[in-house]
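**Student:** Chain by chain, the residues:
Number of protein chains: 2
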Amino acid sequence: MVGVPKRVDHEERRRAIAEALWRIACARGLDGASLRDVAAEAGISLGQLQHYFSSKDEMLVFALKYLGELAEKRIRTRLMGLAVPPSPRDVLRETVLEMLPLDEESRTGNLVQIAYFVRALHDERLRGHAREGVPALRAFFADQVRSGIARGEVDSSRAADAEAMLLIALTDGLTTYLLLEVCTPDEAKGLLEGHLERLFTP
Amino acid sequence: MVGVPKRVDHEERRRAIAEALWRIACARGLDGASLRDVAAEAGISLGQLQHYFSSKDEMLVFALKYLGELAEKRIRTRLMGLAVPPSPRDVLRETVLEMLPLDEESRTGNLVQIAYFVRALHDERLRGHAREGVPALRAFFADQVRSGIARGEVDSSRAADAEAMLLIALTDGLTTYLLLEVCTPDEAKGLLEGHLERLFTP
Numbered sequence: 001m002v003g004v005p006k007r008v009d010h011e012e013r014r015r016a017i018a019e020a021l022w023r024i025a026c027a028r029g030l031d032g033a034s035l036r037d038v039a040a041e042a043g044i045s046l047g048q049l050q051h052y053f054s055s056k057d058e059m060l061v062f063a064l065k066y067l068g069e070l071a072e073k074r075i076r077t078r079l080m081g082l083a084v085p086p087s088p089r090d091v092l093r094e095t096v097l098e099m100l101p102l103d104e105e106s107r108t109g110n111l112v113q114i115a116y117f118v119r120a121l122h123d124e125r126l127r128g129h130a131r132e133g134v135p136a137l138r139a140f141f142a143d144q145v146r147s148g149i150a151r152g153e154v155d156s157s158r159a160a161d162a163e164a165m166l167l168i169a170l171t172d173g174l175t176t177y178l179l180l181e182v183c184t185p186d187e188a189k190g191l192l193e194g195h196l197e198r199l200f201t202p
Numbered sequence: 001m002v003g004v005p006k007r008v009d010h011e012e013r014r015r016a017i018a019e020a021l022w023r024i025a026c027a028r029g030l031d032g033a034s035l036r037d038v039a040a041e042a043g044i045s046l047g048q049l050q051h052y053f054s055s056k057d058e059m060l061v062f063a064l065k066y067l068g069e070l071a072e073k074r075i076r077t078r079l080m081g082l083a084v085p086p087s088p089r090d091v092l093r094e095t096v097l098e099m100l101p102l103d104e105e106s107r108t109g110n111l112v113q114i115a116y117f118v119r120a121l122h123d124e125r126l127r128g129h130a131r132e133g134v135p136a137l138r139a140f141f142a143d144q145v146r147s148g149i150a151r152g153e154v155d156s157s158r159a160a161d162a163e164a165m166l167l168i169a170l171t172d173g174l175t176t177y178l179l180l181e182v183c184t185p186d187e188a189k190g191l192l193e194g195h196l197e198r199l200f201t202p
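Protein chains in written order, with full-length UniProt numbering: chain W, 1 to 202; chain S, 1 to 202.
If we strip away everything but chain W, and leave its shape as in the complex, we get:
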């Protein structure tokens, strides 16, 4: 039977395809992955896949956005476990810990993101999409720092926006060294805790 049964939810099928793409990205990167490979991994025909994505680019961008949404959801869920109202320091700590590759799901997310990053280095359009998430994360972190300053927990000489970017870059660098097994999870956590400890010293 050609085509897709009407009752299959369009968005759900697009997500299943994105997840097939991630499994490939995680196992061997994105460069070799054709639409045909992804269709096979998702257990559908190439024609069916093309019903949802007309090009590899369109599929990559959708899967990247969906990856960002899932990461954000994981962070939100984790933050909901904090005392109410949570302190800015706890929010920052829990967010960066959720970003690190410390469990299988976030490890997979990080590996997929690296596959995107590598492709984006040679692809201006994908580079634009790959950086899309950063300003929002940076603004969120900067808000926490400003809130820390307002509460007298962070020295007022700290530039919130710079501190936010430092923390993002640090988390990203530690991700690399965790994946290379240069750092242990405990060490990476300790380094981030130490960094926040000094930031939250008025």
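Keep in mind the hints are simulated off the structure, nothing from the lab. Hints may contain errors.
If chains are identical, the list can't say which one is meant, so a pair holds when it fits in one copy or spans any two.
SDA-like, lysine to any residue: derived pairs with alpha carbons at most 25 angstroms apart [claimed, not checked]: (1) K56 / L179; (2) K73 / I44; (3) K56 / A139; (4) K65 / L121; (5) K189 / R127; (6) K189 / D143; (7) K56 / D161; (8) K65 / F200; (9) K189 / A142; (10) K73 / E12; (11) K189 / P86; (12) K65 / S87; (13) K56 / L180; (14) K56 / R78; (15) K73 / S45; (16) K56 / E181; (17) K189 / L121.
The structure displayed is predicted, hence computed values, not measured ones.
Starting from the known structure of chain W, arrange chain S on it as the hints suggest.
**Tutor:** Okay, now just chain S, sitting in the frame of chain W:
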């Protein structure tokens, strides 16, 4: 004529092959690169290449070590330009600035290193080689922090080894965001300067 003229220096030829490998890594990553591709890029036959490297692995490891040697040499040259004796803070600043992708040569070096990193994620042996350089760099940075403490320029409560790893991770993360064009060169430099400024506040 089969074989290689005796007068061609063996090490020099291995380096020329490594440089051909880097050009490929820089343009499209390492995964697709066969010995035949590298030979073509180096302008020699596959047989000639195999005279120097019997496997792709051997070639990758040699080229990775040579890349590390060149990066170290660039850093040493830059440090030789400092006042004598250089302050620990200047040594740290100039070293991390040399590591960032701020000119064409270090950008190329970083792109090649990322190609290795991605391959190492799925290759235990290469991962071992990819982390080889980190302990030496970390020890070097930690020495500078300890020297700063001894000179009364760094608070004695700072853990030199942890500060060293923080600085390495931060530099690495900023490299990612420079390559993605999230940060400008000036911003990345400013963030590292600010981080060192606070470290060197007794």
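**Student:** Against each hint, give a clear statement of whether it holds in the structure.
**Tutor:** Status of each hint after checking the structure:
1. K56 / L179: Intra 27 angstroms, inter 23 angstroms, cutoff 25 angstroms: inter-copy only.
2. K73 / I44: neither (28 angstroms within a copy, 53 angstroms between copies)
3. K56 / A139: Classified as neither: same-chain Cα gap 31 angstroms, cross-chain 45 angstroms, threshold 25 angstroms.
4. K65 / L121: Cα proximity of K65 and L121: in one copy and across copies (18 angstroms, 23 angstroms).
5. K189 / R127: Between copies, since 22 angstroms is at most 25 angstroms while 29 angstroms is not.
6. K189 / D143: Close inside one copy (22 angstroms) and across copies (23 angstroms); limit 25 angstroms.
7. K56 / D161: Answer is neither; intra-copy 35 angstroms and inter-copy 45 angstroms both fail.
8. K65 / F200: Neither: 33 angstroms inside a copy, 40 angstroms across copies.
9. K189 / A142: both (21 angstroms within a copy, 19 angstroms between copies)
10. K73 / E12: within (17 angstroms within a copy, 53 angstroms between copies)
11. K189 / P86: within (20 angstroms within a copy, 33 angstroms between copies)
12. K65 / S87: Cα proximity of K65 and S87: none, with 29 angstroms in one copy and 46 angstroms across.
13. K56 / L180: Answer is between; shortest inter-copy Cα gap is 21 angstroms, intra-copy 29 angstroms.
14. K56 / R78: neither (33 angstroms within a copy, 44 angstroms between copies)
15. K73 / S45: neither (31 angstroms within a copy, 53 angstroms between copies)
16. K56 / E181: Classified as between; 23 angstroms across copies, 32 angstroms inside a copy.
17. K189 / L121: between (29 angstroms within a copy, 21 angstroms between copies)
Checked against the numbered hints given earlier, this structure breaks hints 2, 3, 7, 8, 12, 14 and 15; the rest are met.
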